[in-house]
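J.: Sequence:
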Amino acid sequence: MKCHVVRTAVLAAAFLILSTFSLSAEEGAIGQNEPAWVFYEKGLSEMYRQDYGSALYYFQQDLSRQRVMPETEVAIGDVYFFQGDYPLAERQYNKALEMKEAFTLQNFTYEISYRLARLYKNQSNWGQMYRALLSVTKDDTIFHDPRYDLFRIKTKDLYKNKGFDVMFIFNRIDESFATRAHAQLAEYYYRTWNFEVALDDALFSVIPVLTESVKEIRNSRPEYQYKTLRDFLSIGLAMDTVKRYLEEQEFWKRLYYLALISYEKIDIRDNGIFLLKILADTPAAGTYRDRAASQLSRPAREQRLDAPRIEM
1 MKCHVVRTAV
11 LAAAFLILST
21 FSLSAEEGAI
31 GQNEPAWVFY
41 EKGLSEMYRQ
51 DYGSALYYFQ
61 QDLSRQRVMP
71 ETEVAIGDVY
81 FFQGDYPLAE
91 RQYNKALEMK
101 EAFTLQNFTY
111 EISYRLARLY
121 KNQSNWGQMY
131 RALLSVTKDD
141 TIFHDPRYDL
151 FRIKTKDLYK
161 NKGFDVMFIF
171 NRIDESFATR
181 AHAQLAEYYY
191 RTWNFEVALD
201 DALFSVIPVL
211 TESVKEIRNS
221 RPEYQYKTLR
231 DFLSIGLAMD
241 TVKRYLEEQE
251 FWKRLYYLAL
261 ISYEKIDIRD
271 NGIFLLKILA
281 DTPAAGTYRD
291 RAASQLSRPA
301 REQRLDAPRI
311 EM
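All residue numbers in the sequence shown are consecutive under this note's numbering, ending with 312.
FYI, nobody ran anything at the bench for these hints, they're computed from the structure. Here the structure is a predicted model, which means the values were calculated and not measured. There's no promise every hint is true.
Here are the in silico distance ranges between beta carbons for each label pair [to be verified]:
| no. | residue 1 | residue 2 | range |
| --- | --- | --- | --- |
| 1 | Q225 | Q60 | 37 to 43 Å |
| 2 | L134 | K243 | 39 to 45 Å |
| 3 | A293 | D231 | 20 to 26 Å |
| 4 | F170 | Q50 | 44 to 50 Å |
| 5 | R298 | H144 | 35 to 41 Å |
| 6 | R244 | D270 | 29 to 35 Å |
| 7 | R298 | Q66 | 55 to 61 Å |
| 8 | Q128 | M239 | 46 to 52 Å |
| 9 | Q128 | Q225 | 40 to 46 Å |
| 10 | R147 | Q60 | 45 to 51 Å |
| 11 | Q66 | I266 | 21 to 27 Å |
| 12 | Y48 | F151 | 37 to 43 Å |
Glycine residues also receive a C-beta, built at the ideal position from the N, C-alpha and C atoms.
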């Protein structure tokens with residue numbers, strides 16, 4: 001299973017105070033002649049400790065040793081974000097995007113888009129959040145490339161006409177850089193009452209998580225074949241690696257929104273009820289177990305976001 005590690009403003013005056021020291025005690029502990037990456041890693045460590053002043057200092061020391069380092073610019077943006085200085089964070093993220101050709105990992109561009117989406121969500125700037133997420137999914141070949149039109153149509157038709165289990169037996173999608181964006185867009189479309197479009201993204205957010213989980217089960221049980229979602233959960237939740245992965249990927253939330261989206265569409269309402277019942281019967285689903293049970297007893301549409309409707 002893929003290892004999912006997500007690495008994620010101090011006042012300018014505070015930084016100026018720090019930078020006036022020719023050699024701080026902390027820098028001395030590292031050593032003046034250490035390579036730039038040492039300062040970068042130290043900055044990350046300080047940021048995770050929520051010592052944002054020290055983190056910014058080390059990131060600036062890193063930049064002073066190598067002129068073009070977009071990953072460090074992103075890290076500085078993270079410091080500003082965690083400090084609540086969203087304008088400075090946005091500026092840093094966009095600055096890093098301008099250097100995208102210098103990224104060590106080219107897919108890191110998408111991580112910046114995710115950061116921008118998170119920033120805009122915190123500001124309830126739904127239009128900008130939508131555009132940031134769309135900048136990720138537009139590069140998802142299986143989701144957009146005409147060569148995969150038949151696959152996408154077949155996937156949705158199977159779900160609508162045969163239900164979730166049959167759909168997943170015949171259709172698998174590997175996890176990709178865009179999976180998280182599909183999940184966030186599915187929720188956004190649902191909460192702007194654009195249910196048909198929401199269904200596409202919801203399916204593309206749930207299927208990859210199941211695909212990766214089935215692979216993990218087969219690592220220890222090569223004979224395993226997916227039959228039903230309930231059967232999968234009874235086996236998968238008994239494995240720490242699968243259970244942890246489902247939690248890390250917010251699988252319960254994704255499945256919950258797929259259920260809500262399905263419930264809103266009369267022709268597949270039974271699919272939504274099916275998924276809600278599974279969630280309501282699964283203690284591991286946590287709060288989404290309770291929310292699913294509530295929906296089954298008292299169906300209620302979530303409040304519509306105060307956002308402009310996106311014309312598709």
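J.: Take the hints in turn and mark each one as holding or not.
T.: For each hint, the structure was consulted:
no. : hint                       : verdict
1   : Q225 with Q60: 37 to 43 Å  : violated, 54 Å
2   : L134 with K243: 39 to 45 Å : violated, 32 Å
3   : A293 with D231: 20 to 26 Å : holds, 21 Å
4   : F170 with Q50: 44 to 50 Å  : holds, 47 Å
5   : R298 with H144: 35 to 41 Å : holds, 38 Å
6   : R244 with D270: 29 to 35 Å : holds, 31 Å
7   : R298 with Q66: 55 to 61 Å  : holds, 58 Å
8   : Q128 with M239: 46 to 52 Å : violated, 39 Å
9   : Q128 with Q225: 40 to 46 Å : holds, 44 Å
10  : R147 with Q60: 45 to 51 Å  : holds, 46 Å
11  : Q66 with I266: 21 to 27 Å  : violated, 58 Å
12  : Y48 with F151: 37 to 43 Å  : holds, 41 Å
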